[in-house]
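Those protein sequences? They're chains H and X, same order as listed.
In this text, residue positions in the first sequence follow the working numbering: the first is 4, and each later residue adds one.
In this text, residue positions in the second sequence follow the working numbering: the first is 861, and each later residue adds one.
The reader is advised that the hints may include incorrect statements.
Stated by the list, open to error - Which bits of chain H does chain X cover? Going by a derived footprint, with three or more residues having C-beta under 8 Å, they are:
1. 22-29
2. 211-223
3. 232-243
Keep in mind that the hints were calculated from the coordinates and are not lab data.
Here a beta-carbon is modelled for each residue, glycine too, at the ideal position from N, C-alpha and C.
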Amino acid sequence: MRKVALAERPGWRKTAQQEGFAFHTLDGERYWDERGYYQFSQAQVERDLQAPTETLHAMCLEAVGRIVDSEALMARLAIPPAFFDLVRQSWLARQPHLYGRFDFSYDGHGPAKLIEANYDTPTSLYEAAAFQLIWLEEQILRGVLPAQASQFNTLAEDLVQAFAAQPGQGTFYFSTISGSVEDRGTTDFLRKMAAHAGIHTRHIDLEDIGLNGEGRFVDLEGRPIPRLFKLHAWEHIFHEDFGRAISGCDTQFVEPPWKALISNKGILPLLWEWYPGHPNLLPAFVDDNPSRPVPRGWVRKPYFSREGANVDIRTGAGQRVFEDGPYDDAPYILQGFAPLPRFGDSYTLIGSWVVGDKAAGMGIREDDSLITKDSSRFVPHVVLG
Amino acid sequence: MANSADRRYRAQPLYAYREGAGQRNGLLGQRYGTAGGIQRSNKDEQSSSGGASGGGGSYGASGRSASRSAVSASISRGGFGSQATARSGWGGKSGSFFGG
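Next comes chain H alone, as it looks inside the complex (with noise of 0.2 Å):
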């Protein structure tokens, strides 16, 4: 694994507007940056990422299927005890999943470290799946990137393949809060997925999904809606007014409630408890004492954070590395401080997607910090060798 610096192709901004990959710069500041790119060889995808992502998807599914057996431990993962039964059954009846994925510190030695698992509602999936394929492609044509250069990047194929395989019938709908063009970005690409496997999709705003009289349900026009990507994460549905009629609809959700499991870093120490020592996974235990410091070389993180928000890190050193946020209102966990590797003046995150339960490829993100969030740059990778 090293990081190459490279000459960004002229007229790519031209080329991302074309695709309608609108959200490419933010206020000003680079999201998609093509000034260089990672390069990885077969063998560190194959070893040290594809295989232990397959490994750690099996091992959290293993793990969802013992917590939807214990009340306690599904409050221990701070599930409303009022959605129980909606969490337990949608696992018991299998209610299909389509995506998700791990983020590891990972520097091309050792066994890539699991810093956590986007499992209910990961965006960063369109550049990811398409937009960096287009910049591989485009070198290789330019000469600037060898013929037989390539990618850990299934993620198109395979999405069309997972909602080919979805059950059920009628109208697939997407659905994300209005306002955000990346998380617009998101469902407009996983739309597109599904129509390729033939399924009819509509849009709709989660703020205008309807609920009729039925307890069904439906659009901006009374229709009933069968099926229903959510952009939206199940620690808030279950808070929300909407919520509490999930159990008596006949709207199959995507991702499904089991995932709300999976999503929740209170997993992490339960994986370090089940699996204690694997190599993929970091020292993780229930944060008993939130108000006290962070000891050195550890890692405080609420349950429900995103975007890096309420990460506070203390390295071995002793350096406080902070993140405010609003998620101050459920559990933390303590996970070991494993340091994302920095590659000149950029720390790198490596995100492992899974796509059904395989393995789907990979998307590079860079911060000037230790945290990664939602404004952290994308930069394409290469396999090579």
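Here the structure of chain H is known, so what remains is to put chain X in place on it, guided by the hints.
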């Protein structure tokens, strides 16, 4: 259950996609990217707010669907989203509610 040993990493260029009998038909990025990308058409769009406008704004649920109120007075709306909008404005510049 997925078994990584059963699935070899594809050594051949992954940017080439295959259909039918396995012949190479084109470039994957162009198939899923340039051939429509994530550009949207107005077809099958449902939004009472006019769609995503960027910039991390949020919309209150009240009044969003007033123009559709004739569909059914018994349909309630705005029951999803309140928890996320309450936490918006943190953690970055994209305005994403779930970015990362």
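- For which of the previously enumerated hints does the structure constitute a violation, in increasing order of number? none
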